[in-house]
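Visitor: Below are the chains, spelled out letter by letter.
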Amino acid sequence: MMDIEYIDIKSFRQTMLDRRAAGMDFLREMIGMDWEAEGLGVIYILENSATHDVEELAVRITERDRPQIPTVSDIWQIAEMYEREVYDFYGIEFAGHPDMRRLFLRNDWVGFPLRKDYDPSETINPVRLESEKNEEIVREYDIAEDKQLAELVEKMKILHYDQFVINIGPQHPATHGVLRFRLSLEGEVLRKVDIHCGYIHRGIEKMCESRTYPQTLAFTDRLDYLSAHQNRHALCMCIEKAMGLEVTGRVQYIRTIMDELQRIDSHLLMFSCMAMDMGAITSFIYGFRDREKLLDIMEEVTGGRLIQNYNVIGGVQADITPGFAAKVKEYCNDQKKRLKEYYDVFVNNIIFRNRSIGVGILSREDAISFGTTGGTGRASGWACDVRKRHPYALYDKVEFKEIIHTGGDCYDRLLVRLEEIVESIHIIEQLIDNIPEGDFKTKTKPIIKLPEGRFYAAVEGSRGEFGVFIESHGEKTPYRLKFRPMGLPLIAAAQNIMKGHKVADMITIGASLDYVIPDIDR
Amino acid sequence: MEMKKPVIKSIPYEEFKDNETLEALIAEINKERTNVVVGKLDDLINWGRSNSLWSLTFATSCCGIEFMSVGAARYDFARFGFEVTRNSPRQADLIMCAGTITHKMAPVLKRLYDQMAEPKYVVAVGGCAISGGPFKDSYHVLNGIDKIVPVDVYIPGCPPRPEAILYGMMQLQRKVKVEKFLGGKNRHQKRGELPAEPIIVTNHPVKEDKEQ
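Protein chains in written order, with the working numbering: chain A, 1 to 522; chain B, 1 to 212.
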C-alpha cells in the first residue's frame, strides 16, 4: 500500500528541487493518472540510491483541455522520456520540457488513449496506410511562473535541414525489434540521435483496465518475453500483496528458481545477439545451443518454450515435474563449463575487445539520473539490484554476489551479464535440493477483488527493475495498471551515449544495452 | 502434360493438412493443357524456387525469437533451404511477418510488401499476425495482416513452436511447387493491373473461425 503525498501545483517545482537536493536522485517511476472528477495527475516515485528510501508524491490538476504541469526533466534526465509518455497517453503538457512530442502514437493520432473518456472508435483513428510525416519542429513551453498558462515561445528543430540525416529502422536487424533511429551525421560520427518508438505499442495498460485481475496476467509475458517469469512474478506479487495473500514456501522456491532460469535464458540470448550483431555467427550458434537445453527444462515444467504463463495469483499453474531437480542440476553443471567457451570464442577475441572497450561509456551519475537499472546500471558501478535493494521471494535467504563493474562501456555490460549467469547458477544450486513440500497453489476465490488503494511491487527482471503499479477502486478490474518498462531508460540513455561515436559503434551500444522493444512500447 | 502432386522429401503427401486447396489449384492448372517442354521447364524452375525461399526478416515481437531459434543449431532451417534471410525487401521472396502489427507499423509493412519483387509470398506467424491475437480489442493493433496484405500461409501459435514454423514453410514450398511459373507467375504485369488474389493454404481452419 502506497502512502502518497499530494503537492500543490504552485510549489511543485520547488518541492521537487528540494527532494533532489535531499538525495532523492533516482526517479523510479512516473505514472500518469486520470481520476475523472478529481482531474488528471501524475504520481512520482522517488528513491534515494544510497539509502534506498522511497517516497511517493503526486500532483493533480483539474483542467482538462490544456492541463499543464511544470517539468522535472532538468532534475532527472529520464523524466524527459516519461513526460513524453504521459503527454502521449493523457495530454498533460509539461511546461519547460525541451521536446514535447508524442512518444508512442503517431503524431496525427486523435485523442489521448488512456484518458477515461477516450473514444476508441475506428472512424476517429482508422488504420492509415501512409507513413506519418516526421515532425521536425517541436513546441516548447515557457516556464514563466507568473503566467497562468505557459505560452508557446519557441519552435525548435529536432534535426536541421543542413545536417546529413539517415534513418535506421523500424525494420532493421540491428535494432533488436522495431525501433527507429534518425541519426544526424558529420562524416561517420553521430551528432544527434532521435529515437522513435511505438511501432509495437499495443495499449496493454488500457486493455488491462477492462480485464479482471487473472486476465491481466497473460499480458505480462508478452511485454518482455525474455523475462516472462519475472514480469508475471511482479504482477502476481503486487496482487497478492494487495489481497494480503501469503504464498507457500514451495511456491517461493519454484518462483525464485524459475526467475533465475529465465535470467540465464535472457543473458544467453543477449550474448548470442550481441555476437551476431558484431558478425560473430559462431557465438550465436553456441549461445542458442545452450539456450535450447534450458528451454527444454522450462517446457517440461510449464508447457511453453518462450511464453510460459506459469505464475498465477496465489502460486503457480502446475507443480514441478519429478525429474526437475536432477535436470536443472545437470544443466547448471554443463552451463558452467560452456561459459569458458564463450570467453574463448568471443569475449577475449581481440576484434571484439577493440570494438567494445571504451565504447559507449555511461557514467554512474548518468546511470542513476536515467534510471538504467539492471546490468547496464551495474556495469556503470551503480548497485541497483532489486534483489538486494528491496528483497522479495527468497532473495534475502540465499547468498549471492551483486556483480558490479565500473567501466560503464560495452565490454563491461557484456561481462556483467556473463558473470550474472554464474551467480544465477549459484542461487539455483542453493535452492534446488531444498524445495519444501506443500501446495503449489493457494486457493483463491473465483472472483478477485482488491481493496481500495494503490500498490507497487518490483522485481529484478532480466534487464532491470520491473515494477507494477495498481490503483484499485475496489472493483474486480484495476482502475489503473502501470508497468515500469525496463527498456525505456535504456533507450533514453542510448540517445545520449551514442553521440560522438561512429555508426558501427551505435550497433554495439544498442546490443550491449540489451533492450527489448515490446517491453518499452507495452 | 499434367501438373502432379507436390512432393516433400520424407513427409508423405497424406500427412499434410489442407491438401484440398492444393488439389483445387492443380485441377485449375490442369484444365489448360501445357506444352511438355514448358511444363518440364516449369517443374525445374519451381523445384529450384521452392528449395531456396529467401525470407525477409520482419520480426516485431516474441515470434521473432522463435524464428531465430529455428535458424540456430537445433532446428536449423538450412536443411530445407530457408537459411538465407534478407534484410532488404528487394532481395526477398517472402515476408515472415512474425509478431503484432500496430497502427504505426501497418504502413511500413504495406510499403515493404509493395517493394518486393513478384513472385512474392506472405507468411503470417503467430496469433497476432493472424488476427490480432490477445490484443484484438486494443486501440492500436491491426486485427490480422490479411487486412492490408494477402497472406499465403498462416502459422498459428503464441508463439508457434519451431516445428510449426518449419511445417508452415513446407506448406509454402508445396504451394510454390504447384504454380505455373512461365506465363503464370512470371508473366508481364500490365501497368495499373492489380496482382492476382493468392490461394491460401492453411494448417488450421483460420478462415472459418473468423467467419463465425
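You may find that some hints are simply not true.
What the hints assert, rightly or not - Under the rule of at most 27 Å between Cα atoms (straight-line distance), these lysine-lysine pairs were calculated in the DSSO-like manner:
#1 B:Lys110 x A:Lys476
#2 A:Lys116 x B:Lys136
#3 A:Lys133 x B:Lys180
#4 A:Lys327 x A:Lys476
#5 A:Lys133 x B:Lys147
#6 B:Lys136 x A:Lys449
In case anyone wonders, no lab produced these hints; they're calculated from the structure.
Visitor: Evaluate each hint against the coordinates.
Guide: Hint check results:
1. The straight-line distance between the Cα atoms of Lys110 (chain B) and Lys476 (chain A) is roughly 40 Å, outside the 27 Å bound, and the hint therefore fails.
2. The suggested pairing of Lys116 (chain A) with Lys136 (chain B) holds, with an alpha-carbon distance near 20 Å, which does not exceed 27 Å.
3. Distance restraint check for Lys133 (chain A) and Lys180 (chain B): the Cα-Cα separation of roughly 41 Å exceeds the 27 Å cut-off, and the hinted pair is therefore not satisfied.
4. With a C-alpha separation of about 40 Å, the suggested pair Lys327 (chain A) and Lys476 (chain A) falls outside the 27 Å cut-off, and the hint is violated.
5. Under the criterion of a C-alpha separation no larger than 27 Å, the hint pairing Lys133 (chain A) with Lys147 (chain B) is consistent with the structure, at around 23 Å.
6. For the hint pairing Lys136 (chain B) with Lys449 (chain A), the CA-to-CA distance comes to about 25 Å; that is within 27 Å, so the pair holds.
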